[in-house]
Amino acid sequence: MTATSAPPVPATVRRDRPNWTGWAFVAPFMAVFALVLVAPVIYAIYLSLFREQLIGGTSFVGLANYAEALADPKFWDAFGRVLLFLVVQVPIMLGIALVAALAIDSGRLRLAAFFRISVFLPYAVPAVVATLMWGFMYGTRFGLVGNINDFLGLDLPAPLSANWVLASIGNIVTWEFVGYNMLIFYAALRVIPTDLYEAAALDGAGAFRIVRHIKIPAIRGAIVIAAIFSVIGSFQLFNEPNILKPLAPNAISTYYTPNMYAYNLSFAGQQFDYSAAVAIIMGLITVVIAYAVQLSGARKERTR
Amino acid sequence: MTETRAMTQPAKLAGRRPAALRSTERRSSTAPRRSILLTIVMGLLALYALLPLFWLVVNSTKTQQALLSSFGLWFSGDFALWDNIVQTLTYDDGAFVRWFGNTVLYVVLGAGGATLLATLAGYGLAKFDFPGRRAVFAVVLGAVAVPGTALAVPTFLMFSQMGLTNTPWAIILPSLISPFGLYLIWVYAIDAVPTELLEAARIDGAGEFRTFFTISAKLLAPGFVTVLLFTIVATWNNYFLPLIMLSDSTWYPLTVGLNAWNAQAFTAGGEAIFNLVITGSLLTIIPIIVAFLVLQRYWQSGLAAGSVKQ
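Residue numbers (this note's numbering), protein chains in the order written: chain A, 62 to 365; chain C, -2 to 307.
Please keep in mind that the hints were generated in silico from the structure rather than gathered at the bench. Please note that a few of the clues may not be correct.
Computed, partial: chain A to chain C, Cβ under 10 Å [unchecked claim]:
id : residue
1  : Tyr127
2  : Leu131
3  : Ile165
4  : Gly196
5  : Leu213
6  : Thr235
7  : Ala340
Which bits of chain A does chain C cover? Going by a derived footprint, with three or more residues having C-beta under 8 Å, they are [claimed, not checked]:
id : region
8  : 86 to 94
9  : 97 to 108
10 : 295 to 307
11 : 318 to 328
12 : 332 to 339
All of these numbers come straight from a predicted model, not from anything done at the bench. The beta-carbon is built from N, C-alpha and C at its ideal position, and this holds for glycine as well.
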C-alpha cells in the first residue's frame, strides 16, 4: 500500500534523457483522476474552513468547524459505534475467511470448487439487495425470525431492535465480504511453493503445525491487505444502516455512523461546511488507522 | 517482507496457469485423507452464503399476501413468479426497465471506460520511465486510502456547480477511476509484456500506440478481463453515488430504484410492493451472478496475480 511496495523500475528502461512517451498513456487516467478525486479533496478542505451564518452570508472561520466536530457528542457517538463494529466484526469475518481458505487449500475437502464459488457468490450481490433480503428475513412479525419463533415457540431477540441492530448489520457485512476475503487468502495460499510442505511433512510436522508455521506467515501480506480494506470499509459504513433505517427507525439514528452523519448534515441539514469537516476528520482517522495496521503487520514480520 | 515478495514473485508468476487447474495436480502426489468434519464445517458456511439467495428465489414466487403470511423458506400459495415478473417490469410505467437500461449504460461507459483508462495508465507506468512517474504512483496510492464516501459531499457540491448533478455524467465520471484496476494492470503488465518485445518493435520503427494496440493489448487481455469484471460489479452495485447525485428517478440505476420501491411502503399512503422489491432484486442479481460464473476462470487467476503482488 505504500510506495515501497512498488515493483522496481525495469532495468532496461532507457535513462539517458527524459522520455515523455509514458505520459501519453497515463494522462487520460490522471486527467479524470484530477477532476473526480483531487479536486473534491481540495474543495472539501476549502469548504471546511467556511461557515454559513444566518446574518452576513458565508464567512471564513478557520478551523472552527473542526473544533466543533471534535466536541460534537453525535460525532463521537457515531465514531464509537463504527470502532466497536471494527473491533468485533472484522476479526470474526477475517477469521472465518482464513479458516475457509485453509480448508479449501488443504485438499481434504470434497466439493472444494463448489464451496469456493458458493461462499464467494454473495460478493456479487449489491449491498442494496443484500440489505433488503436480510431486512425482510430479520422481521419478527412476518420475517424468517418471526417464523422461527412461531415454529419452535422461541422468543428470539428482534434483530432490528436497538440492542441488536449493530450485530445484525455486522452479519450482513460478514455475509457480503467473507467470500471475497476468503478468495484473497486462498489465492495467496496457492502460490506457496509445494516443496515447503513436503519438506515439513517429511520432518514429521502435522497439518496444524504446517498451517501455523508455514502457511499463515507466508500469507501475512495478504492478511494485512485484507485487514486494511476491512478497516476502511468499517469506517465508511453507510449503505447497510441507511437502507435498514426505514425498517428500524427507532434503532438507527441520523448519526448512526460518521458517514451517515456527514450525509444527513449535508442533505437534510444543508450544513455543507460542517459536513465537509466531519468527512475530512473521518478520512484522516481512517488513513492513520490503516497505516497503523500496516505498520503492525510489518513489525510482526520482522520479529519472526 | 511485502516489498521483497513484490519484487521476486512477478518473474515466477509469468505463464502461471489458473489456480483451479494446479490444485488437482499438486495434490495428486501427496493426496491427504478427506476430512468429513472439515467438509461439514464448510457445508455450513456454504449454507450461510446460499440461504438468503434461496430465500430470494422462493419468495419471488409469492404474492404480496402470501409473502406476509407464509413460512419464508418454502413455497406457498399460488406460484406467482411470472405474475411478479410481469408486474415488476410494468409497474409505474416500466420504471424497472428504465432503471435496468440506466444501469447498463453506467456499466458500459463507466466500467468499460475505467478498465480502458486503467489499462493504458497501468501499462504506461509499467513499461515507461518518465518524469513524474513516482509522483503519479504516490498520488494514486494515496487516493486509495482516502475514504471514497468522504468525498461524496464535496463531489456533489462541485458537480452541482458544474451543472452535472441529475445527469448520467454525475454517475459515469467518478466511475471512470479504478485505482485497484490501475494497480492490477500495472503489476500484470510487468511480466505479461516483455520489454525486449517493445524494444524490438521500436527498432522496427513502430509507434508506441501502434505497438500497444497490435502487440501489448493481446498480452494484457487476461488482466483486462479481470479488471473489467471487478469494475462491472462495482458500477452495477453502486448505490451511494447515484443516491446523492440524482434527485429525479429518471436516471436511477436499479439499486437506488429498488430501495425507493422498498421505502415507498413506509411513507404515508405509500403502496407496499414487497413482492416487486423481491422479484426486482432477483432480476437485478441474475446478470451479475451469471457473469461471475461464466468468467470465473479469469477473475480467479487475476485475483491470484493481484494478491501475490500486493
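Could you tell me which of the numbered hints above are not met by this structure, giving the numbers in increasing order? As far as the earlier hints go, 1, 2, 5 are violated by this structure, in ascending order.
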